[in-house]
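Colleague: Start counting at 1 in the sequence shown, then tack on 108, and there's your number in this note's numbering.
If you're looking for bench data, these hints aren't it; they were derived computationally from the structure. Keep in mind that a hint or two might mislead.
[Stated by the list, open to error] Only pairs whose alpha carbons sit at most 35 Å apart, straight line, appear in this in silico DSBU-like list of lysine-lysine: (1) LYS194 x LYS271; (2) LYS194 x LYS134; (3) LYS219 x LYS274; (4) LYS126 x LYS194; (5) LYS219 x LYS126; (6) LYS274 x LYS126; (7) LYS134 x LYS219.
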Amino acid sequence: MFEFVMQYNHRDFLYLNKLTARTYRKWYNLFYRLFTAVFGAFFTASGIFLLSGGGSIVSCIFIMVIGMTLLLVSAFTSRISAWRSKRLSVQNLGQITFTFTDEQISYVCAKESAQLPYSSILSFFRYHERYFLFLDPIHAYVLPYSDLKIGNRDEFELFLTGKTGKEWDKVYREPKKKKIPGEKTSR
109 MFEFVMQYNH RDFLYLNKLT ARTYRKWYNL FYRLFTAVFG AFFTASGIFL LSGGGSIVSC
169 IFIMVIGMTL LLVSAFTSRI SAWRSKRLSV QNLGQITFTF TDEQISYVCA KESAQLPYSS
229 ILSFFRYHER YFLFLDPIHA YVLPYSDLKI GNRDEFELFL TGKTGKEWDK VYREPKKKKI
289 PGEKTSR
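Based on the provided sequences and hints, a complete structural model is requested.
Modeller: Written out as structure tokens, the structure is:
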């Protein structure tokens, strides 16, 4: 048996959106960012050109604001998506407990409880010190490594592989650990 006890935070939503954009929505995300960047640059340059050519100051500034907004949306797509996901998710779940037994996955929170068969997992990833168990291309359970209360990581990974009959999908590189000043490196 394995158990995670946790609460979702903003970073969980941010990493979920980044991972979804890299895997299931790769082309959509690329097209969206490219589209907003190109039009943002076009509107910004047009506003500057019209302003230097003697155009109406109010309309030129309006066009430049639209362009700058599109550029910002292009640059911060993941953060905006994470904010939207958090806002649209069920609120006030409190502490969430995920339990993985031989028969099923179960979770309990302040608002509901449910049991799922292992066959309901579409894919799973390790990313930024979290497990992501996807139920479909945009919905996943996010389980931080640090919230594993019963069991250990290596056994959990083998257990999940055995129960689902699936392999871990491409493992994205974990972030580098920051070196603490004065700490010696071991080789």
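Colleague: Does each hint hold? Answer for all of them.
Modeller: Against the structure, the hints:
no.	hint	in the structure
1	LYS194 x LYS271	holds (30 Å)
2	LYS194 x LYS134	holds (21 Å)
3	LYS219 x LYS274	holds (31 Å)
4	LYS126 x LYS194	holds (14 Å)
5	LYS219 x LYS126	holds (27 Å)
6	LYS274 x LYS126	holds (22 Å)
7	LYS134 x LYS219	holds (33 Å)
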